[in-house]
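Asks: Chain by chain, the residues:
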Amino acid sequence: MAITSAPARSRLDQEPLAGLPPETLLELYWQMLRSRRLDERAWTLHRQGKIAFHISAMGHEAAQAGAACALRRGHDYVVPYYRDLTLVLSLGYTPRDFMLGLFGKQGEVTSGARQMPSHWSLRSANVVSTSSPVATQISHAAGLALACKLRGDDRVALACIGEGATSQGEWYEGLNWAAVHKLPFICLVQNNVYAISVPVDRQMAVPNVADRAAAFGMPGVVVDGNDVLAVYEAMKAAVDRARAGEGPTLVEAKTYRVVPHSSDDDDRSYRTRDEVELWKKRDPILRFRAKLEAAGLLTPDQQSEHEARAQAEVDEAVQFAQAAPYPDVALAAGGVYAPLPQEA
Amino acid sequence: MPEMTLIEAVRQAMDEELARDDRVFVTGEDVGRRGGVFRATLGLFEKYGPGRIIDSPLAELSIVGIGVGAALYGLRPICEIQFADFIHPAFNQIVNEAAKMYYRSNGEWLVPLVIRAPYGGGISGGLYHSQSVEAFFAHVPGLKVVIPSNPRDAKGLLKSAVRDPNPVVFFEPKKGYRLIKGEVPEGEYTVPIGPANVSRPGRDLSVFAYGMMHYYCLKAAGTLAGEGIDVEVVDLRTLYPVDKAAILESVRKTGKALVVYEDNLTMGYGAEVAAILADEAFTSLDAPVKRLAAPDVPAVPFSHPFQEWFMPNPDKIAAAMRELAAY
Ligand SMILES: Cc1ncc(C[n+]2csc(CCOP(=O)(O)OP(=O)(O)O)c2C)c(N)n1
Ligand SMILES: [Mg+2]
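Heads up: the protein sequence lines correspond to chains A and B, in order.
Using my numbering, you'd call the opening residue of the first sequence number 1 and step up by one each time.
Using my numbering, you'd call the opening residue of the second sequence number 1001 and step up by one each time.
The reader is advised that the hints may include incorrect statements.
If you want the footprint, here are the derived chain B segments under chain A, 3+ residues with CB under 8 Å [stated by the list, open to error]: (1) 1069-1080; (2) 1093-1104.
If you anchor each label on the Cβ, the simulated ranges turn out as follows [unchecked claim]: (3) Gln106(A) to Asp1022(B): 37 to 43 Å; (4) Asp1296(B) to Glu313(A): 29 to 35 Å; (5) Ala295(A) to His1088(B): 53 to 59 Å; (6) Tyr326(A) to Gly1222(B): 54 to 60 Å.
Below, a list of computed lysine-lysine pairs in the DSS-like style, where the Cα atoms sit at most 25 Å apart [as the list claims (entries may be wrong)]: (7) Lys236(A) to Lys149(A); (8) Lys1290(B) to Lys1316(B); (9) Lys1159(B) to Lys182(A); (10) Lys1047(B) to Lys149(A); (11) Lys1244(B) to Lys1159(B); (12) Lys1047(B) to Lys1159(B).
In case anyone wonders, no lab produced these hints; they're calculated from the structure.
For every residue, glycine included, the Cβ atom is placed at its ideal position computed from N, Cα and C.
Bound conformation, chain A alone (with noise of 0.2 Å):
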């Protein structure tokens, strides 16, 4: 059986709006309404059969919009997996990008249109380059945190993964070098309760993936993945400890993916529809949406302001990779290695 109880922890009673200023709060709001809207575009260019697959952020986006705003943005090293729309979207990836990716056309930022969408990669943000074979990219960002430690310098690496790939050796091996070393290095794990079609209770034993940091000598946190500003706080204690020389944490958002694994899933064979919809009701976005107007700070006005915003940045987006000419077919021979300097 699944886990769909509600998830674990919330700070909010404390701190309603984690103290975050008014123009922090709505970037974040516009952050994940953004993302949903691009989100449900490529579902619908899918649908129509115009791109070949798409891989959904749809129910992550407070988890992932929390933890971009924990970080200094283009200092901080970001190495995601491919559900993390929200967080680079947030880093700086644009819908433009995004939509070339979805298309593989010419001018794609993140592979020059090698790879399939959703590999992000953003070099100008500190995003690395991300590959299809889960849980790599743990050793890649303890290596990253491990050579910042060695530097001396002030940045963290955060790793994104899901809660299915933890199972992976890859995963112990990199929180282990985190842990040994005490390296500025935050894994967070988005716990959707499902790797495709397995439940999170076929991939361990323990009720939360968190309660494993204890295994490595470093602290494990759970939080509502769903409360974007619980995800914040959580993120941000973890950001600070790790800039303060204490070491790495392990983040757990509990959430849920409300839409199939992906475009070539069929979620109906091992989920009720019943249980999609009661998760359907914790909407992340709506939740924020009622807090920030609960407090005055969204007004129907601006809501509408939001929606016509993201609506024509989505447009723009899609006409604009639609229009794009399909990468010269010399490009796939090239670029295999580096130039040696002499040579470049």
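Go by the hints and put chain B with the ligands onto chain A.
Replies: This is chain B with the ligands only, laid out in the frame that chain A set:
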């Protein structure tokens, strides 16, 4: 020129690179106080300290994974895998990550990483301390695969590997670590990754080899010289990317080719050399391309006669050379 062993040359290369560039660091199992189980890093911990010579947890996958991460940062990690036999857990990081990073990020992210590993048999290491695994990696665009056969090249190639902006898998013939001695130039020099080396020019047949087998091939060629057979020996040195031009040039001259390697025969490096020659030197060939390699059993069996049966050696090589010369 001072004479030294192959392992001393490896150590000196690392020492000089550590001194030259503070981005260089070494990690691996027992590389610290112990100086490595083969003593490749002897004295380096004392000289450079625990921030540059880092004992890793016993976990090959993350030795390489951490190296990839640190290389992405811009450091120059040298990751030691204690025996090539234990590199397999790291295959994912080497093949899916290090090798593909530059291509998949359209040149945005570089992995200037060196992975060193002692390889090869003849040392009573049994199945799991004797393996030759180069063919797995020489199949992977994005990697450079290097195997030196002598101290001069070991030092110069390793220095080039450390300076290369790409991931380099550097296999060292462990049987030759102390057995193979040679002169090493004084002062700063490098040997470029890429070109093969004609280590012994000859007219009658070409023999292609690398690492320990190259050392044996030179010995066998010396024996055959006494019999009036003039063997050209080509030390391939860089297995990938392949130095096709050197292979073709030699065979266009001699018309005959033998490839010697201590990996299993089938699907080994010799298959590629034979294919290149069949494809591009067909009209120059006066004989079938021959391969002398280890038998197709899972790995080197331990018992002494088993090991002797498995390993190519100068006598077996000399016999193969005679046969080809007589064709
Ligand atoms: C090493 C590896 N094995 C299998 C896969 C196929 N695969 C892709 S995603 C996935 C499930 C991942 O689940 P989880 O880690 O929980 O992340 P989520 O997709 O739920 O966010 C699987 C099995 C893969 N990409 N890599
Ligand atoms: Mg999951």
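Asks: Against each hint, give a clear statement of whether it holds in the structure.
Replies: Structure-based check of each hint:
1. 1069-1080: This one holds; 8 residues, not fewer than the three required, reach chain A with a Cβ under 8 Å.
2. 1093-1104: holds (count 8)
3. Gln106(A) to Asp1022(B): 37 to 43 Å: 40 Å, holds
4. Asp1296(B) to Glu313(A): 29 to 35 Å: The hinted range 29 to 35 Å is violated for Asp1296(B) and Glu313(A), with Cβ atoms some 60 Å apart.
5. Ala295(A) to His1088(B): 53 to 59 Å: 56 Å, holds
6. Tyr326(A) to Gly1222(B): 54 to 60 Å: For Gly1222(B) against Tyr326(A), whose Cβ atoms are near 59 Å apart, the range 54 to 60 Å holds.
7. Lys236(A) to Lys149(A): 19 Å, holds
8. Lys1290(B) to Lys1316(B): 13 Å, holds
9. Lys1159(B) to Lys182(A): 31 Å, violated
10. Lys1047(B) to Lys149(A): 20 Å, holds
11. Lys1244(B) to Lys1159(B): Cα-Cα ~23 Å, so holds.
12. Lys1047(B) to Lys1159(B): 19 Å, holds
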